[in-house]
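Student: Each chain, written out:
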Amino acid sequence: MRTIATAPDKRYPDVWRRRSLRETVTGWLWTAAIAFAAAWSVSALDIEWAFFVDAHEQALDLAQRMWPPRWSYLPVIVRPLIETIHIATLGTMIALVLSIPLAFLAARNTTANGFTWAIGRALLVASRSVNTIIWGLVFVAIFGPGAVAGIAAVAARSVGFLAKLVAEAIEEADRGQIEAIEATGASTAQVYLVGILPQVMPVLIGTTVYRWDINVRESSVLGFVGAGGIGLYLYASINQFAWQQVLVVLAAILVIVLVSEAVSAYIRARIS
Amino acid sequence: MSTGAAAYPTTWRPPALFGSRARQRLALLGVLAYLVWSVSDLNVDVNRVLAGFPRALDIFGRMIPPDFTRWQLLATGMLESVQMALAATLAGLVLSVPLGIAAARNLAPRAVYLAARGLIVLGRTLHEVIIAIFFVKLFGFGPVAGLLTLAFASAIFLGKMLAEDIENVRIGPVEAVRATGAGFGQTVVYAIVPQVLARTVGVIIYRLDANVRHSTVIGIVGAGGIGQTLSASFSRYDFDFALAILLSIIALVALGEWFSDWVRRKLR
Amino acid sequence: MAGVLPADAARENSRGALLAVEALTKVYPGGQRALDGVSLVVERPEIVAIIGSSGAGKSTLIRCINRLVEPTSGQIWLGAAEIVGVSRRELRRLRRRIAMIFQEFNLVERLTVMENVLSGRLGSVGFFASAFRRFPPQDIAGAYAVLDRVGLGGYHDTRADALSGGQRQRVGIARALMQNPDLLLVDEPTASLDPKTARQIMRLIRELATERRRPALVNIHDVALAQSFADRVVGLKSGRVAFDGPPSALSAETLTEIYGAEDWSQTIRRADDETEGRQ
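Residue numbers (our numbering), protein chains in the order written: chain A, 177 to 448; chain B, 49 to 316; chain C, 593 to 871.
Just so you know, these hints were derived from the structure itself, not from any lab.
Each hint should be verified, as a subset may be incorrect.
Across the chosen pairs, the derived CB separations fall in these ranges [claimed, not checked]:
| # | chain 1 | residue 1 | chain 2 | residue 2 | range |
| --- | --- | --- | --- | --- | --- |
| 1 | C | S830 | A | R444 | 51 to 59 Å |
| 2 | B | G166 | A | N285 | 43 to 51 Å |
| 3 | C | Y620 | B | W306 | 32 to 40 Å |
| 4 | B | L155 | A | R198 | 31 to 39 Å |
| 5 | B | F66 | C | G745 | 24 to 32 Å |
| 6 | A | Q240 | B | A70 | 54 to 62 Å |
| 7 | A | D237 | B | S283 | 47 to 55 Å |
Far from chain B, some chain A residues (derived; all Cβ distances over 12 Å) [to be verified]:
| # | residue |
| --- | --- |
| 8 | L197 |
| 9 | T200 |
| 10 | P277 |
| 11 | R284 |
| 12 | S303 |
| 13 | V379 |
| 14 | G382 |
Positions of the beta carbon are idealized from the N, C-alpha and C atoms, including for glycine.
With the sequences and hints as input, model every part of the structure.
Tutor: See the structure below:
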C-alpha cells in the first residue's frame, strides 16, 4: 500500500549530489595518487635535510659577496649580450622559414598522405620535446663551440613550436576560401599559397614574435654548453667565484630579457 | 575582355606594407642590413660550418643504433627527473599560496605586493638553468638542487596564476552567497572555490608537465636527473647512448604533454 | 564579343551540347544518396535555375560538375571533354574552364580585391608568378575592366574583409569572369544577401552570362527569383530531376511535386508580376 501512496510524488530524488558517487571516488583516487607519488618522490630523492639548516645563512653570505656589483665588468659583456640577441634572432628567422613547409607537412588537410603526416608529426614532437639547451649540446658536437651551434639549437627547438601552431591554424582554415581557389583550377602549391597562407599569416607572425622573446631568454644560457652568448661569461664568473661580476651579468640578462619581452608584446599588440 | 583593355592599367602591385613603398623598401633594407651585420659580427667561420655537415653525418652514424644496453643508468636518470618534477610541483604548490596572496593587489599591503611582484619578475626572467646553478652552488651537485630549482620556478609560476585569480574573483557570487547568510567558510567553498578550481587544477597539471620538461635540462649544470646523464654521455662522445637518452626524453615529454592535455580536456 | 566564338564549335560534344550530365549519382560515405541518376543537357547559353528543397541535391549536383564533390558514378561532359573519369592534373585544366560563384562568397579574406580577382587566373600562371603577384599585363588590365563591369571600380586595393556582402559577391563574380569560363556554376549566390542586393546580384549574373554567351547553372532556393531570372528551371527532388522546363511552365502542381504540399498561389503570382531580367 505504501508504494501507491508515494509513487505519484516520487518524481524527484530525495538526495542531490553534484557529482555521482563514481565521479567523487575517481576524483579522490586521482588526488591520493598524485599526493602519494609526490611524497614518494620526496623520500626517494634522499634529501639531506641537514643542508637546509644553514641554507639561509649561506644564501645571505652569497648575497653579501655579490655586493657591490662590479660595474667595470659591463663593457666586457656588451659584445656577448649582442651575440645573445643575434643567436635568438637568427635562430628564430631560420625557424620561421623552415616551419612553413613543416606545418603544411604536419597538417591533416594539406599533407600528402598518412605517411608524410606521420613524418611531419614525428619531426614536430622531436623538435619540441628536446629543450633548446639540449639541442645546444647536439650542435656543439657538430659545429664545435660558438654562436653557430647556438643559432642551430634555437632554430631546431623553435621550428617545431612554430610549425605546431601554424599546422593547427591550417587545419582550422576556412574550407570555403580553399575550395574557391581549388575551383579555379589552381595547382596544389598555388592553393596553399593563395588560399591557405594568407589565412594563417597572423598566427605565423604572432607566434614568431612570441617565440623570439622566449628565445632571447633561452639564448642567455646556451653558453653553459658552449653554444655562444652571455651564458659563457656567467658560467665563467661563477666558476671563478667572481660573485660581483655574476651580479652584473645577471642584471644585464634581466634587462635584455625584459626589454625583448616588452618589444615582443608591443609588436603583437600592434599586429592583432 | 577585349573591350577597352587598353584603357586600363596593365600593372598592379599589392599595397605596400608599413604604409608606403619607400618605408617597405626601408624595412627590407633594414632586415638585410641586420643579417649582414649580425652574421659578420658573429665571426661565423664558414669552413667550420661546412665541416659540420659531414661531422653531423658521422655523429649521426655513430648514434645509430641507439644503445639501450645501459638501460639501468638511463632508467635511474629518468626516474630521478620524474621524481624531481613531481616533488617540485608539490613543494611549489605549497610555496605558491603565500606568494600568490602576497602578490594579489587587492589583498596584500603595497610594500609586500611590490616585493612579491619583484620576486615573480625575477624568477620568470631568469632561466631555470641559471637558478639551478645557484642551487648547485648552495647545496652541491645532485637532485636536491634540481628539486629546489623546479620548486622555486613552480612557486613563481603558480603564485603568479593564483594572484591573478584572486585579483579577478568576481565579487557578485561572493555577495550572493553571503546574502543567504552563509559563514566565511561556506562562502569560500561555494563562491570562490568553484570560480577558480577547474582552472587551478589545469594550471597545476600544466606546471607538472613543464617541470617534467625542465627536469631533463637542469642536469646540464649538475642539478640531477637525466640531463646530467645526457651531458656526461656527450662529453664522452658516447653518441649511441646519447641517442637512447634523447629518444627516452622525447617519449617522456610527449607522454607528459599528452597526459596534461588529457586531464585539461577532462576538466573542461 | 558578339556572336558565338568559333572555338565554341570545337568544344561541343557529339550531341552538340555545351554541358551534358548523364546518370550522375552521388552516395555520401554515410549512405545518403544525394543524387540518384541525374541527367541534364544544356545545349545553348542559357541560365538554368536549379530549385528544390534543402537536401534535394542541388548543391551536390553543382559541386559534382567541377568535382569539389567526387561523383559516385555517371558522366559529365563539358563540350567534348569528360570530367568524371579524368586525372587530378586533367581535372585542374578542366576546372579552369568552369568558374564557380559561392553562397558564402569564399573570397580570401585577408587579400585585396585585386588579388582575389586575379586568383581567377591562377591556372594560367606559374607558382612563382603567383607568389610574387606577377600576372601578365593583359590579366591585370582585364581585372581592372571586370571590376569596373561589376561596379567595383576603384576598390582594387581594398581588403576583401572590409567589403559588404553585396560587394564581396561582386568580387566573387569578377573572379569567376577572370577565368573566361565556358560554364558558370553558381551555388546559392543570394542566400547570404538581403532581398534588394539579391536581385541586383542575380541581374548582374544574368547580364554577364548573356553578354558572354555562356551557360550558367544557378542553385537557388527562392522560386520567385528563379522565375524572374532563369531561362529554364530544373527541379530536383530526393536526388532526381522532378521538373525540367521553362519558368512559365511552373505551376502549383509542379511546385507541389518538387517541394511538397503548400499554398503556392502567392509565389506564382509574384513571379508573374515581375519580368525584369528577361527581355
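Student: Now tell me if each hint is right for this structure.
Tutor: Evaluation of the provided hints:
{"no.": "1", "hint": "C:S830 <-> A:R444: 51 to 59 Å", "verdict": "holds (52 Å)"}
{"no.": "2", "hint": "B:G166 <-> A:N285: 43 to 51 Å", "verdict": "holds (47 Å)"}
{"no.": "3", "hint": "C:Y620 <-> B:W306: 32 to 40 Å", "verdict": "holds (33 Å)"}
{"no.": "4", "hint": "B:L155 <-> A:R198: 31 to 39 Å", "verdict": "holds (37 Å)"}
{"no.": "5", "hint": "B:F66 <-> C:G745: 24 to 32 Å", "verdict": "holds (27 Å)"}
{"no.": "6", "hint": "A:Q240 <-> B:A70: 54 to 62 Å", "verdict": "holds (57 Å)"}
{"no.": "7", "hint": "A:D237 <-> B:S283: 47 to 55 Å", "verdict": "violated (31 Å)"}
{"no.": "8", "hint": "L197", "verdict": "holds (18 Å)"}
{"no.": "9", "hint": "T200", "verdict": "holds (14 Å)"}
{"no.": "10", "hint": "P277", "verdict": "holds (20 Å)"}
{"no.": "11", "hint": "R284", "verdict": "holds (17 Å)"}
{"no.": "12", "hint": "S303", "verdict": "violated (10 Å)"}
{"no.": "13", "hint": "V379", "verdict": "holds (18 Å)"}
{"no.": "14", "hint": "G382", "verdict": "holds (16 Å)"}
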